[in-house]
Amino acid sequence: MASKRMTANPVKPARYRPGKPVAEEHSSEEDESEEEEQVAETRAAPPPKASSFPSDATRIAGNLKKVDLNERRRQAAAEEAARVEAEKAHLAAEEEGFVTEESEEQEDSDEESGSGSESGSKESSSEDEAPKKLLRPTFIRKDKRKDSITVTDTKNADENWAEEEARRKEKADLMIQEQLEKNAVTQAAGKKDWDDDDIEEVEMVDDTDDLDPETERAAWKLRELKRVKREREVIETAEKEREEIERRRNLSKEEREAEDQEFLELQKEEREGKGKMSYMQKYFHKGAFFQDDAKAEGLDRRDIMGSRIQDDVSNRELLPQYMQIRDMTKLGRKGRTKYKDLKSEDTGRWGTFESKGPRRADGTLDERFMPDREAGGRGASGANTTQVGERRRAPEDAPEGPRGDRPMKAVERRDQSPRRSYSRSRSPPRRRYRSYSRSPPPRRRARSYSYSRSPSPRRDRYLDNPPRRKRSPSPYSHGSDKRRRIDVS
Amino acid sequence: MTHAADARRHFDSRGYTGPQIHNQNPVHLLEKPIRDRIITSYYWQEQCFAINEATLCDRAAAMSFIGGTYGQQKPSPFLCLTMKLLQLMPERDIVLEYLHQTEFKYLTALAAFYIRLTFDSKDIFQTLEPMLADYRKLRRRARDGGYSLTYMDQFVDDLLTKDRVCATSLWKLPQRTILEDLGHLEARDSPLGRELDEIDDQDDDIMANGESRSPTPDGYENGVHHSESEM
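First to last, the protein sequences are chains A and B.
Take the first sequence: its position 220, counting from 1, is numbered 220 in the UniProt record's numbering, and each next residue is one higher.
Take the second sequence: its position 63, counting from 1, is numbered 63 in the UniProt record's numbering, and each next residue is one higher.
Bound conformation, chain B alone:
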């Protein structure tokens, strides 16, 4: 790709001939005002110029928080690197490598964000749900500039359920139940599988002794339970 000091010319969809996501320029997954802020920020112009997937790791290693814009619409390095990834459009293997490496957690978070934006729904669920077991701490920067503590699994959960994360409006993910009905996915195995079973057994005992409960058809109760027993 051609590297230009002022990237504005390349973000117009007219004349864009590269790979497309959802039939548009991948960078358009970020909103226009956000894009403008990013390309006029110092971090982008200094650090994100002409980097490739390898040198991006250096920058990602220096990241210290996740977040969207803060202060006076100042984009975070996290957001700038996301845009760089969208520009680069790395291959699937590389992205998964970013996700599964354990040394830099912010790089993992970055990869998760990228996956949520670019992969299709089935892949999103399949790749991001294992991340729900990762409870490393992350620093999150809010719009007023203040920091807060969050966790990797919390961040991934936000990516899967919320509409707007890190100053980006995420494209609407179909509900998991719909994908299950279509047969693309199986019901989710929680990492707490066994403990959940125990709790459920306790509940069942209580229920059996106490008040009656409205009968629910077998298939839908305790999705976890059901699949566990199958496996």
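With the rest of the complex left out, here is chain A:
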């Protein structure tokens, strides 16, 4: 495991470095895993216990049936005969030497006639030069074949076969026995193929009945009594409720109210009797799930308000502001918020909804919220205060417009002269109107004469009252403002 890295990245194959041996760890691991897979496969191979599948025991018996003992017998016999002959020939050769062979040869060559004898003799002669240990296949005529040697061999072979058969049978029996025992054991253990749990016998609860009838019956009686008791309690509580309802109906109204008052008093006491939270105490919700367990242990009515956890700070106010937090685990952490409590973070003022003027609680004025001009300051400000030149008018003897007959003209003419140098402030509505229309102002302002010069109340309404500040109040005073100011009154 030295090659296992701490990161979980997939391991890349090792690079080839010339001159260094190639790491062969992977191949060995692969072999191991292959072996494991094979082993696992063989383990998974045993079939399920359903009756439709053939069992292992039957399979073994079937295999045994296939074995043909006769064939085996023949093979065994052939092997044995060869072996025995070899031994005998070996002994004979050692004792008697070549002489016997040559004499045999002569005999054979005399007797043999025709078919294979010459070749046999030739072969035998050619093989004469071969080493002594080689067996020479000597041809024996049919009438001479029934020799004592082979007869005795067959007899031995028979016995051997019998013995071997017996042995094989025993082996087969043993195997079957083992298999059956194994089956029985697995059956007893209840191990199924779909069940891959490894529960030991010890962990399995025993469910055999009638181990101790008296105890079992007694336990059952107890349970039955509990059930009956439970039912009766249900009936009783229902009955009590009904009684209570009846009783309340029978009371008079005052009595009912008196009872309600008592109940409310009780509630109030409870609420006040609860502990008060200490400064910056952490709130722990009681949770929604383990209420039954808590009740079982008698912990459902406890109140942790005001109590101090054992390893908590004893007095949080003595700590520096940075460390006065509810949950000390958040100290120093990146995600910690500096939120303390609602009241300290609130920017409003409790209880008041209307606040005229930018006054703070202690009566100081906040400069940021002061208006730029004194109260009641009207008129122009900023760019509107630049000096305005004379208004361009049509020459005096211009032809009159379409509305020239109107008596208004005289009035206008009268009004014009004293107002010549009137500043623009009077005519902003008209100016504005003019500026919106793209057409160049006509030389003859026929229409314009008919407009009243006095600012109509309608128009005044749309002026900002008080005028909106175009620019936010600058922190710097306007003393450095170099624009020409005209005192407008």
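In case anyone wonders, no lab produced these hints; they're calculated from the structure.
Possibly wrong hints are sitting among the right ones.
[To be verified] A few chain A residues facing chain B, derived, Cβ under 8 Å:
| # | residue |
| --- | --- |
| 1 | Met-204 |
| 2 | Asp-207 |
| 3 | Asp-209 |
| 4 | Glu-216 |
| 5 | Arg-217 |
| 6 | Leu-225 |
| 7 | Val-228 |
C-beta atoms are modelled at their ideal positions from N, C-alpha and C, and glycine is treated no differently.
Since chain A is already given, all that's left is putting chain B on it; use the hints.
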């Protein structure tokens, strides 16, 4: 019914034309995630394929515990066989036979569970209450895989009173008192009838000698007592 290797197609309610319970596909009495776990489990696919009421008994005989899911949401054979029963919808006689046979107690438990899911309330009370006298032991497997010992009467009591048993949310059974008021049922006769009477007599004696008790109307006190005296 058609047997399909993958049973998922048959569990959709659309196109279901078989018998219904509470106006839905009976298999829907088990919840969807539980159903999915069951049909993808090895036990269901190997053992519960194409079995009928008779071969189901073989499987039930091989059961060794009751329980819902355990381990990593693995369904117990008990639950798989319940689902098979819901699929098969055997007849009432067969189910009662399962319940009353004495050789295989887990098969009895299975039948009790099936009855609780499928019969109507009056029948449930009438068939399951006799089981409260049976105190054979049962092995119960919890969700963490561990075993515990329980009894048949305890199991039946859970079926009658609890909301969730064996990973299934049981449909709400009306209280026995309501059925008694309606007249469908009589008050329950506990098998401990006589002994209860004795205890009650003792209590009454104590009460008579000791403090006074608030009078309760006759009809509701000791439901057992009342019916006993009637009988």
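Hints, one by one, checked against the model:
Among the interface hints, the one on A/Met-204 holds; its C-beta lies about 6 Å from the nearest C-beta in chain B, closer than the 8 Å criterion. Because the smallest distance between the Cβ of A/Asp-207 and any Cβ of chain B comes to about 4 Å, under 8 Å, the interface hint for this residue holds. With a least beta-carbon distance of about 5 Å to chain B, the hint placing A/Asp-209 at the interface is held under the 8 Å criterion. Taking 8 Å as the C-beta cut-off, the interface hint given for A/Glu-216 holds, the closest approach to chain B being about 6 Å.
The closest approach between the C-beta of A/Arg-217 and any C-beta of chain B is roughly 7 Å, which is under the 8 Å cut-off, so the hint is satisfied. Hint status for A/Leu-225: holds, given a least beta-carbon distance of 7 Å to chain B, under 8 Å. The interface hint given for A/Val-228 is met, as the beta carbon of that residue sits about 5 Å from the closest beta carbon of chain B, less than 8 Å.
Comparing the model with each earlier hint shows no violations; every hint is respected.
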